[in-house]
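Engineer: One-letter residues, chain by chain:
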Amino acid sequence: MSELTTKTIAELRDGIGAGDFSAREVAEAYNAAVVAGRSLNAYTVETPELALAAADAADRARVAGELKPLSGVPLGIKDLFATEGVDSTSGSNILKGFKPTYESTVSGKLKAAGAGMLGKLNMDEFAMGSSNETSAYGPVISPWKRNDGGNAALTPGGSSGGSAAALSAGLAAGVTGTDTGGSIRQPAAFTGICGIKPTYGRCSRWGIVAFASSLDQAGPMAKTVRDCAILLEAMTGFDPKDATSLDLPVPNWEAGLSSDLKGKKVGIPVEYRIDGVPSEIDALWDKGVEWLRDAGAEPVKISLPHTKYALPTYYIIAPAEASSNLARYDGVRYGLREAPEGGNLDAMYAATRAAGFGAEVRRRIMIGTYVLSAGFYDAYFTKAQKVRTLIKRDFREAFAECDFILTPTAPSAAFGLQEKMSDPLAMYLNDVFAVPASLAGLPAMSVPAGLDGQGLPLGLHLIGKELDEQGVLNAALAIEERAGFTARPEKWW
Amino acid sequence: MPGTVAAAIAPSMSVNADQVRHVAKLARIAMSDAEVEKMVPEFNNILKWVEQLGEVDTDGVEPLTAVIDNELRLRDDVVNDGDCRDDVLKNAPEAQHGFFAVPKVIE
Chain H
0 MSELTTKTIA ELRDGIGAGD FSAREVAEAY NAAVVAGRSL NAYTVETPEL
50 ALAAADAADR ARVAGELKPL SGVPLGIKDL FATEGVDSTS GSNILKGFKP
100 TYESTVSGKL KAAGAGMLGK LNMDEFAMGS SNETSAYGPV ISPWKRNDGG
150 NAALTPGGSS GGSAAALSAG LAAGVTGTDT GGSIRQPAAF TGICGIKPTY
200 GRCSRWGIVA FASSLDQAGP MAKTVRDCAI LLEAMTGFDP KDATSLDLPV
250 PNWEAGLSSD LKGKKVGIPV EYRIDGVPSE IDALWDKGVE WLRDAGAEPV
300 KISLPHTKYA LPTYYIIAPA EASSNLARYD GVRYGLREAP EGGNLDAMYA
350 ATRAAGFGAE VRRRIMIGTY VLSAGFYDAY FTKAQKVRTL IKRDFREAFA
400 ECDFILTPTA PSAAFGLQEK MSDPLAMYLN DVFAVPASLA GLPAMSVPAG
450 LDGQGLPLGL HLIGKELDEQ GVLNAALAIE ERAGFTARPE KWW
Chain Z
0 MPGTVAAAIA PSMSVNADQV RHVAKLARIA MSDAEVEKMV PEFNNILKWV
50 EQLGEVDTDG VEPLTAVIDN ELRLRDDVVN DGDCRDDVLK NAPEAQHGFF
100 AVPKVIE
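Chains as they are written, first to last, in numbering that gives the first Met the number 0: chain H, 0 to 492; chain Z, 0 to 106.
Extracted from the complex, chain Z is given alone in its bound form (with noise of 0.2 Å):
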């Protein structure tokens, strides 16, 4: 029951700092605890301000999914793009063998 989720968090909905933690994980931002600190007023300040949404009345509407009406195509099942190895390598910061090069990922 997602509304309900919703509804019980509504009133009181604000961060702390172990939240902001978390979310700049989640976004792999990395974090002093200074931006930290800094950041969980901002956060919470423009969170309320979002929360006015709860006014409105939106039972029974449907969440916007297309904002212009259009048919989603299909193509051709081909073959249509790929032999670029070399422009798709071009702006890495590092390559290496034709392939992206990135630290260490199995110890």
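Excised from the complex, chain H in its bound form (with noise of 0.2 Å):
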């Protein structure tokens, strides 16, 4: 592995500036990573040409003093994201060959900012899964293995099972997530990286291909907080071209970040104590609460009560939302069409859809259809979303006692390739600690904490007010600095 894709986004950036390498250097390492890390199946096209044609301008704005915020830093960006003549599939086989004509918002500030995209990332069929095994890729393979001795193929976690992989494993030096029940903190967690979920609507949603547009949030997902920062901050901000943007001034985080937590106080909810939870992840959540403690924030109990309704509450609004979404997908205007022999259009379209989605898409799109329908729209839709209004006040009422929260990110680490598949609700039982937040359009951020008996690592979560993804920041920040992760998998692809 060349030294080069060790670095940090903020090592790049100054290095770069410096003159201590050329982002040509840069590009060219990670390109090679690319190739020698294909057996993880984190990319799903490659575009080393674009990751080369950003180094060298980022060399030539280096000359002429002109380096902008992200300039010679190579991105992978997840498949959810149109990017403008690249395969835009956002792992379904219904959008093969889509190559959009367009940008995404926020790809396309990282792009502004000087990245280079060294290519698409591999993921959960569009985002609907918690261990990108629903990807028509197929999964994408963790670069961690236990240290049991076996060789079982861990999940990287989801959706952004990519991202995750690509990151922890050094074949790009950030990527892009997208956050709709926890899609980008639990690989983050599963694979010992940082990732940020913001306040929904400080990332413009246009160009991100839709799932549950209430919940839907991009953030980056990066190996240090400083470096989320960074990328946070290019990704973020007002678009008219997405009706729930916020029109707000981007925070400078970077600048802002700050370990001292003196006058803080970290609400550790008594509902998040949950049975079947390996004493491991709770036992990091008490030295989490020290590490806040010694950096200065003062721990208090806090309640939230409505938190065991977070998930049937978010599987009946998510799916809802998906049924609407995914009708456009009709085989007339992209992607894929099947029409059986003299059909009509409305086989056409049955037949497009049965051919075109996975199973899990499928099963979304049904509950979702069903939810919806005459006669049980108010028993499901209108009740769960009075009780995401409840969920939304627990964490306004906790945040009349507290600055921000603490819990695990995940209830378990990496699982094995195959063993949660047949289950749904097993699988969906894995985001019971990321989905309340989503649901309450609320900041959060998984950073690594330390490892489990097996040598796999665990995340710690932070959940802030709205708005307020500095003090998420600034916690996970005072957790980095002492936890000293620095545990890296050990190459073997």
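Check each hint, because a few of them may be wrong.
[To be verified] EDC-like, lysine to aspartate or glutamate: derived pairs with alpha carbons at most 16 Å apart:
{"#": "1", "chain 1": "H", "residue 1": "K240", "chain 2": "Z", "residue 2": "E70"}
{"#": "2", "chain 1": "H", "residue 1": "K391", "chain 2": "Z", "residue 2": "D68"}
{"#": "3", "chain 1": "Z", "residue 1": "K24", "chain 2": "H", "residue 2": "D345"}
{"#": "4", "chain 1": "Z", "residue 1": "K103", "chain 2": "H", "residue 2": "D345"}
{"#": "5", "chain 1": "H", "residue 1": "K240", "chain 2": "Z", "residue 2": "D75"}
{"#": "6", "chain 1": "Z", "residue 1": "K103", "chain 2": "H", "residue 2": "E270"}
{"#": "7", "chain 1": "H", "residue 1": "K307", "chain 2": "Z", "residue 2": "E93"}
{"#": "8", "chain 1": "H", "residue 1": "K144", "chain 2": "H", "residue 2": "E489"}
{"#": "9", "chain 1": "H", "residue 1": "K307", "chain 2": "Z", "residue 2": "D56"}
{"#": "10", "chain 1": "H", "residue 1": "K98", "chain 2": "Z", "residue 2": "D86"}
{"#": "11", "chain 1": "Z", "residue 1": "K47", "chain 2": "H", "residue 2": "D422"}
{"#": "12", "chain 1": "H", "residue 1": "K95", "chain 2": "Z", "residue 2": "E93"}
{"#": "13", "chain 1": "H", "residue 1": "K391", "chain 2": "Z", "residue 2": "D76"}
{"#": "14", "chain 1": "H", "residue 1": "K464", "chain 2": "Z", "residue 2": "D32"}
{"#": "15", "chain 1": "Z", "residue 1": "K37", "chain 2": "H", "residue 2": "E359"}
{"#": "16", "chain 1": "H", "residue 1": "K98", "chain 2": "Z", "residue 2": "D85"}
{"#": "17", "chain 1": "Z", "residue 1": "K24", "chain 2": "H", "residue 2": "D329"}
{"#": "18", "chain 1": "H", "residue 1": "K300", "chain 2": "H", "residue 2": "D329"}
{"#": "19", "chain 1": "Z", "residue 1": "K89", "chain 2": "H", "residue 2": "E83"}
{"#": "20", "chain 1": "H", "residue 1": "K261", "chain 2": "H", "residue 2": "D293"}
{"#": "21", "chain 1": "Z", "residue 1": "K37", "chain 2": "H", "residue 2": "D422"}
{"#": "22", "chain 1": "H", "residue 1": "K464", "chain 2": "H", "residue 2": "D422"}
{"#": "23", "chain 1": "Z", "residue 1": "K89", "chain 2": "H", "residue 2": "E27"}
{"#": "24", "chain 1": "H", "residue 1": "K263", "chain 2": "H", "residue 2": "D293"}
{"#": "25", "chain 1": "H", "residue 1": "K307", "chain 2": "Z", "residue 2": "E50"}
{"#": "26", "chain 1": "H", "residue 1": "K6", "chain 2": "H", "residue 2": "D19"}
{"#": "27", "chain 1": "H", "residue 1": "K240", "chain 2": "Z", "residue 2": "D80"}
{"#": "28", "chain 1": "Z", "residue 1": "K103", "chain 2": "H", "residue 2": "E340"}
{"#": "29", "chain 1": "H", "residue 1": "K464", "chain 2": "H", "residue 2": "E396"}
{"#": "30", "chain 1": "H", "residue 1": "K240", "chain 2": "Z", "residue 2": "D76"}
If you are wondering where the hints come from, they were derived from the structure by calculation, not from laboratory data.
Can you join these two chains into the complex? Each is in its own frame, and there are hints to help.
Structural biologist: If you want it as structure tokens, here you go:
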């Protein structure tokens, strides 16, 4: 592995700026790493020429004294983002061959900031999954292995599984993810990296293939808290093309980083102690409380009484929105078309959608269609939206007593491929700690905090007040500094 | 009285193969009989699980409509998009004479 691929984004930026190495050397090192890492199945498309072109532009900008915030930083982009002229298929057969004629706002902002694109990253189909196993491209293999001498292939988590695997294996300096119910945070925890989902509305959804529009948010995944702050600054900002985009200035999160938490209160929600969570995870949570206390914060017990209803609420609202959003895949305007011989238009719709969607996506469209159908809408969808109001209220009341909240990110370390695929509910339960913050639209972040007995990474999860990404980043920084997490997967690929 | 309908259905909501077939038709997804049979128990497991929301007292609670308060904006009433027919048609499985082409709709 080239030394360049072990550097943080901050180090790349500073090194390129100082002329210690060229952006082209960095891009070449990453392009080589992407090829060498193909057995992980992290990338669905490789675009080495785009990474090199951005690198050459960065090297010219350095000479001209016009470096931009991300000049020469090679990134991987989740396949859910539309990228101009490059296949954007959301991990689905139904979008096979789709080459957008436009660029998503977020990936466009990253490119405008000087970043280069190494390729598109594998993901669960339409971001529906927690293990990357629902992808039409097949599962991503985590670079991490258990230390039990076995060779079991593990999941990097999902739905941003390609993003997590690529970052932790050194196949990108930073990556984009999207988070609807934990899809940035759970894979970050499973692979020992950082990932933040900002407040709903901070990142434009324009050009990001829609799953559940009231929940979908883009965010960065990176080696360090600082790198997340750098990327988030470049990704965020008002966009008139997204009706839910927040018209607010972009804070200077990197400059605002401080791990001094004196005067802050960290909320510990009693309802997040749940049965069946390994004692190692509870112990790491306790350690996290001590680290934050050491940074000056005062722990306080808080209550989020509707926590146990968050997952069932999510699994009504998200499929309902998905069934509506995914109605657009009809074989007419883009992607796959299956037209049975002699069949009419309806037969074409039904055949196209049966052939193009995988099992989990079909299941969620069906559930969503059912809960929105006549006679059941109020019993399911309206009821879920009322419970969502209560979940949001829980957080508002808790934040009257604390500045941010600390929980584990996931109820387990990474599991093996195929372990949960036969039981959709067991898979859904993996997002139990991540989903409440999604339903409330709050900023939340996973930071690596330790290894379990099998040598696998575990993450701690910080939830902040609306628009207080800085508070989340600062608390994560305090944990990062104290956890001293330096473990990296041993290269076997 | 939607509340009454909900209360009447809530205790024993479960679906059979015919209802799954109906939902598949609404969702425009072709399903074989074997696929329908396989989906019935999966569907009912998920429905049974989400029905625990029935325990939550939501009387007088407004359903959430916007997760983060945000004013809907109005834009100026001017043409600000368009003139990009070829871009729009570029990814179509079948396009003819500047239109999307589909199987015959009217016999």
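Engineer: For every hint, state whether the structure bears it out.
Structural biologist: Status of the hints after comparison with the structure:
no.	hint	result
1	K240/H <-> E70/Z	14 Å, holds
2	K391/H <-> D68/Z	12 Å, holds
3	K24/Z <-> D345/H	10 Å, holds
4	K103/Z <-> D345/H	10 Å, holds
5	K240/H <-> D75/Z	13 Å, holds
6	K103/Z <-> E270/H	57 Å, violated
7	K307/H <-> E93/Z	48 Å, violated
8	K144/H <-> E489/H	8 Å, holds
9	K307/H <-> D56/Z	14 Å, holds
10	K98/H <-> D86/Z	10 Å, holds
11	K47/Z <-> D422/H	14 Å, holds
12	K95/H <-> E93/Z	14 Å, holds
13	K391/H <-> D76/Z	36 Å, violated
14	K464/H <-> D32/Z	49 Å, violated
15	K37/Z <-> E359/H	13 Å, holds
16	K98/H <-> D85/Z	13 Å, holds
17	K24/Z <-> D329/H	14 Å, holds
18	K300/H <-> D329/H	50 Å, violated
19	K89/Z <-> E83/H	12 Å, holds
20	K261/H <-> D293/H	9 Å, holds
21	K37/Z <-> D422/H	13 Å, holds
22	K464/H <-> D422/H	34 Å, violated
23	K89/Z <-> E27/H	33 Å, violated
24	K263/H <-> D293/H	12 Å, holds
25	K307/H <-> E50/Z	12 Å, holds
26	K6/H <-> D19/H	13 Å, holds
27	K240/H <-> D80/Z	11 Å, holds
28	K103/Z <-> E340/H	12 Å, holds
29	K464/H <-> E396/H	11 Å, holds
30	K240/H <-> D76/Z	15 Å, holds
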